[in-house]
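Bring the two chains, given one by one in their own frames, into a single complex with the hints.
Each chain, letter by letter, is given below.
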Amino acid sequence: MKNKIYVILCLLTLGLFVLITVQEQTHFIEVKPLNGVLYEPEKKPIAIAYMIDGSYQQSLETYLRYNFGFRELFIKSYNQYIWDFYHKTLNYTICIGKDNWLYGLDEVVNYYQSSVYSYTQSCAEMQHKCDLEAQRLYKVQHILDEYGNFIFVSMLPTKTFLYPEYMPENPGLSLEPFHAYQYYPKVFDSLGVNYVNVQEIFQNWKGKVDFPLFPKTGKHWTYIASGYAFDTIERYIEHEGHMNLRNYKMGGKYPDETEYPDNDLEAVLNLWRPIKPNQNYYAMPVLDDDSTAYKPTIIVVGDSFFWNLTRSVPLSYIFSNYYYWYYNSTVHFNPKYDHTSDADILFEILNAKIIDLSYSPEQLFVFSNDFLPKALLYLTHDDSEIDSTLSAIAATVEKENENERMEEARKTLFSAPEHYFPDLATDSVPVTRNSRIPEILAARSF
Amino acid sequence: MVFSSNVFLLYFLPLFLICYFVCPKRFRNYIILLFSIVFYAWGAPDFILWLLGSTIANFFLVKLMHKTEKKPLKKLYCGLAIAVSLGLLVYYKYANFLIDNLNALISVFGANPIRLAKVLLPIGISFFTFQSITYVLDTYRGHNEPMKKLSDYMVYIMMFPQLIAGPIVRYCDIEGEIRHREYSSNNCLHGLFRFVIGLSKKVLIADVIGAQVDTLLATNLSVMDTGTAWIAIAAYTMQLYFDFAGYSDMAIGLGKMMGFHFPENFDNPYNSASITEFWRRWHITLGAFMRNYLYIPLGGNRCSKRRMYFNLWVVFLLSGLWHGASWNFVVWGAYHGLWLVLERMGLKKFYEKIGKVPSVIITFIIAMVGWAIFRIEDLGQAFTFISRLFAFDFSSFGIKADAQFYTMLIIALVFSFITLFPFGKKMQDAVYYKEEYSIAGTIVAWVVAVFMLLFCIAAINAVGFSPFIYFRF
Chain A
1 MKNKIYVILC LLTLGLFVLI TVQEQTHFIE VKPLNGVLYE PEKKPIAIAY MIDGSYQQSL
61 ETYLRYNFGF RELFIKSYNQ YIWDFYHKTL NYTICIGKDN WLYGLDEVVN YYQSSVYSYT
121 QSCAEMQHKC DLEAQRLYKV QHILDEYGNF IFVSMLPTKT FLYPEYMPEN PGLSLEPFHA
181 YQYYPKVFDS LGVNYVNVQE IFQNWKGKVD FPLFPKTGKH WTYIASGYAF DTIERYIEHE
241 GHMNLRNYKM GGKYPDETEY PDNDLEAVLN LWRPIKPNQN YYAMPVLDDD STAYKPTIIV
301 VGDSFFWNLT RSVPLSYIFS NYYYWYYNST VHFNPKYDHT SDADILFEIL NAKIIDLSYS
361 PEQLFVFSND FLPKALLYLT HDDSEIDSTL SAIAATVEKE NENERMEEAR KTLFSAPEHY
421 FPDLATDSVP VTRNSRIPEI LAARSF
Chain B
1001 MVFSSNVFLL YFLPLFLICY FVCPKRFRNY IILLFSIVFY AWGAPDFILW LLGSTIANFF
1061 LVKLMHKTEK KPLKKLYCGL AIAVSLGLLV YYKYANFLID NLNALISVFG ANPIRLAKVL
1121 LPIGISFFTF QSITYVLDTY RGHNEPMKKL SDYMVYIMMF PQLIAGPIVR YCDIEGEIRH
1181 REYSSNNCLH GLFRFVIGLS KKVLIADVIG AQVDTLLATN LSVMDTGTAW IAIAAYTMQL
1241 YFDFAGYSDM AIGLGKMMGF HFPENFDNPY NSASITEFWR RWHITLGAFM RNYLYIPLGG
1301 NRCSKRRMYF NLWVVFLLSG LWHGASWNFV VWGAYHGLWL VLERMGLKKF YEKIGKVPSV
1361 IITFIIAMVG WAIFRIEDLG QAFTFISRLF AFDFSSFGIK ADAQFYTMLI IALVFSFITL
1421 FPFGKKMQDA VYYKEEYSIA GTIVAWVVAV FMLLFCIAAI NAVGFSPFIY FRF
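Protein chains in written order, with this note's numbering: chain A, 1 to 446; chain B, 1001 to 1473.
Looking at chain B on its own, in the form it has when it is part of the complex (with noise of 0.2 Å):
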């Protein structure tokens, strides 16, 4: 099920909530692990029991881990653990990659190719399957104790808000929240402002400016002129943000509705002044789990300084894998982590030089060449796109005067960059993190979010549906 759609908007939110409040609070994790299995069978009913039966596997692997004292056996539980997880990642997500390569590599030597029938993706797998593995890692670190109700781990791992595109909820952010959390009429008001922040971003931003991305990048590229190419680019850029910051935006508003707080994903990504900063500011959540589970792990920056670069390219050559099963992906992370590599090697003191304006102009040419390879999935069309980026070729300006495209990707890019100045940090500050506002502010607050959540819903029925981005990672 998707958060913008009609069967979540007008049924499942409304009927969850009431039966949600309704309950008495010892039976509402209860109340979310049915919604949650209802929410994720209505969108992929063949593999919920896949997910069920990994969920259940993992609570008891993890348990068993726990209670014993030999460490080997230990390393073996958690191993199996995460084998688990791992291997239903590996099937479905990187199965038919595997193979149509290796076919590819054995077709040289002549030999008959390996047949898979096609693996369908389950949404969502990349998220849980992280979430469980940071469940299985902290616990076996010693960092949390294991959960001691499979009902209450099934909703860590399952939650609807969060479950198939984030944020990746370490279990020690929100283990007291689970079993015990704070139910408030503001956190519930709170919440429902953030989620129409969210569902603003995506249905009346991302979708606009995706429309004209679509159409744009399905026309012969090789021919594209470059202000076409460079306004195509930037809306891409703003349509992946607004769409997947969209989708964090909802699902931490939900979750303070339940009680929960769940961790910040984005922190205006594109005002960042290198690209180290721009993965602090993106997908933040993400890249936590990439730090502490894969970076640390293989060494940090304790170490020689070319052993350093190689962990980098590695977390990122990996982190462009995870977002997808092609060479695309692979490529995308290659080039982040070439730009990660060189501003340890120098760049950041150039940066450091030339001042913040102009830092976060170069990043941002950085990042919108990068979702250029990470947007096409065809690498050869990628780099003939971005040649075109830098042909300077004028000649056949290519979009049509579309004011709704050009009023919604100036407010994307206005949104994108108002952080920048003092006075749109305070805006935010009060708008995404004030946790009280006074009885009139609260009033207004309303009438806002409920207008703006009414039109949305006029929106996405008198448009289209369009799934979040996200969703196939």
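In isolation and in its complexed conformation, chain A is listed as follows (with noise of 0.2 Å):
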């Protein structure tokens, strides 16, 4: 009997693990999947090669790592171990603030000391950026004007300088600090240029309004705030574009706590239990029936921040067309392309009758995401002076593919073009004008 009974052990310890391996392979129990970026190794096919050199193993060991059976199991009940026992995250790209309050460790880096260094070298250094970035979207906001384009900044708001009565302590930050949200409004103010400073209206709003600005456990505005707050970016625009927009009112907010859950830095703990949240509030968009109101084009070139009024913003109402260039990269609601590298840049600035760079505290380091440069460039030279610097820039590239060459060179020209076109480097406005933007405006609907 005793025997037995070890032995019926002994088998269910190897059934076990036989179970694991069958999962890996099979997947024959469906297991939610982590949340967040999840990195897809490859296993390297058995070779004599690849075993002398120990790649094949090390690859094994990895692709193990990420596809053993069961996996996603395992790695969350270590995380709530590690969440309730230690109170500590294994994700280090989360920072744990007070009354279980989450930080992206950008913001926490950012707060403490700038994400300065991350881009350049010194403070000086970040200045010379903003200024030049600057002087680019004055160039480039005067040159719109003359075609009645109406191009501003959204500074977005943070939640780390919102509310930093939550925030971790400082993990041992103390260089030098450069924040260029606070760097901007002034260049900005000295040149002109259209901008709104949603941070400072949240700081006004905060303790004012009855409903959280952010959520205990996300990283961007609420629904709820971003609504309300894009309705003032609505009027600024109305009011410095002089157009009149349909406009929309937040309507009667409501408690509910699974709608859009607010919650995308928890989410990436990869938790059993979930953290309790700050009580969150929606609100349904009030629509205004204007049939006079004016319905424009606008291209949206920013971070991720935006992702939360397409679903709180009544959009497709007030514009007829919001074309949103995440990162000046990828290319949403537009089903022409899906990337900007295959856009016609001065055919779609001079097509918008908006353009909004949407940035928060933390993303404006990278500032318009060479999108001002390039759009300077085309917008005051013509297409094939610019094709044949990016064919000598390319021939000097050492790249064996073509393809490569020319986007090696095309990232050198359009992030950098005053150093090819010296009349770009001056403060004054450029008078050259790309020869193909009457045509593109003879076309135009507006």
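The reader is advised that the hints may include incorrect statements.
Said to hold, decoys possible - List of simulated lysine-lysine pairs, DSSO-like, C-alpha gap at most 30 Å:
1. Lys-2(A) to Lys-1434(B)
2. Lys-1074(B) to Lys-4(A)
3. Lys-4(A) to Lys-1426(B)
4. Lys-32(A) to Lys-2(A)
These aren't lab readings, by the way, just hints derived from the structure by calculation.
In structure tokens form, the structure reads like this:
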């Protein structure tokens, strides 16, 4: 009897491992995947050469690490243990603040020291970069103004500066700070550049509104706060852009924890039990039926804060088209193309009545993501000039593949066109224009 | 391959156990051999042929040595067999060190440096070399007959549980079990329990503590405050013990599953009341090797006091060098040798006078200071760190409040000293050495073991992979 039980226990142990392997191979039980960006390592094919240099062994270990059977359950269980017993997370991109408020590591770094050192060697270098970018914006704004287009900057809020009372302690950051979100308004003011400081608006709202501006366990503004914020932005556009847009008001708020959970930071902790959120509210926008109002096209170039607007604001009611150029890289809500590199930037910006450069403080260090230098270049120089310069740069790139050479050349030219077109380097607005502009203006609808 | 890797835990071990127990008993040694070759080749494919070659050469040299009646020829074969093993060890482990030091020396005279391509250290070479030396010398001394079958000898040298980090098993200890061993499901379960204890020590304690140790010792040691320095070295003391003892537990557990009884390698070393006792409790099989094959042949205790002190020093210098081809290991060996000599000269009497607990505390502190030399390869940095231990500067405590680190450090300290008390000893005997539990006890132990095993797999994959410290020796 005793021996039989022992044999059964031994077999059960082996069976457990067989089960894990079978799950790894077949996924016969459906398991909810982990949240976040998941790394999918490649398993090298079995080959003597790979085995001798050890790369096969390494690839199998890495592959198993990310693919063994029921991995999701194992990882979530361990994360929950770490959270419950030690109140910490293995996800180093998330910082735990007071009362379980969560913050992104980039935000915490930017709060205590500023993220400047992730992009430049020194504060002076970043300041120069900001000056240059503001100059470009000033020039683009002036040129677009000639054609009746309105470009402006939405300086978005950030959780850290708005709710510092819940911030985790300084992890030891002490380098000289440089805050782009404080510097840009000064430069914009001195140049007369259009911008709306939503961070400042949120600071004024804090404590006066009866809904949270940021969720406890999420990174971005709450849906309801973003709805109210865009209402203010819209009024700014109407006032500064001299246009009458269709308006909306945020309706009565209602509590809901499930509709669109504002918990993107918590989600990537991959825990079993949810963290108790702060009371979140939602509101349905109420539309103003104004048939005389104008429905323009808008291009929004910016970071991920815009995603919340797509749910909280009736964008299709206000705009005839809204195109989202996410970090000036991927294109959303435009069926014509998926990537900005495929877009005819001159055509697109002249056909968009409004261009909104929408950046949160952490992303202002990469403000415009090379949208402004490229726009400035195409507005002021002919395509043939630009193409010949690109070819000349590509010829100097040491890469075998033609496409890679051109790609490198584009990166080089579009990030610093002033190096190749000295007229762009002066303080004044360039006088030359792309010869395609009249043709585009003639064909556009406003 | 490493015991705490996914490939080992999820593929290799289950597959091995299935093949091993499905196979008829007479083929099981071949299964061990086959899997051991794969196990070693997995981590060191470049060196597997050398390992196989030297093992085969040793087998036949020992056979020849045993056959011959002529003493000089016997000696020659014995010397050749040892030279084969030691030659590989010296080349792979010490070539870089010797050349670097030789170059430093000849550069004083303006000579051109000798160039040698960097030699990579094959894992486990120090362990299987010593194991083969025990076989050669024990056979030479007539303690045992040479093995008849080459495959049995290869199983003895290459058996994967103890191949790369010990315990160093003397042939006479498992001679019988290589030919014939008892299999039982009880043994298998107890082996599993021991394996899981070892894995938990490594993954849940040593690795958690080690992450903080690495961070602390990577900072500027010259300004480290005294409190931080003591916590750092206490943490490393625990990390090293739980890492290495964990590996030994896993090896012993795996051996037990297969029907072998490997010797214990640790016996609560931090409970020692002197450094002499410490070395009877820490890495026991290395201590036994050094005693049997170096200290006693040098004359051991049966000589003048001065000679005995010299013998002790030499043994510990070489023991230090065995741990690594670097001056800090030599100094560490000399440091321990010094304490052993001092204890023989009268310090031991002082310990007896002050009683067990103060002696244990003093010995623990001496061992910790020694681990600083062991851990910090740059000797200048090591002495800077030691000076900070006694600087009494408590101005800037540098360890952030990491509850997991402190919890594991406290658990490690408690388990390191618990056997000083009778209930702790009782508990340890029940968990480690009791050969058979009641049915209910076995079921409970199995549930706990399986839970811990799965939990360790979760930890390995959630946190990241970390190899064993003793693999580099």
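Earlier hints that do not hold, by number: 2, 4
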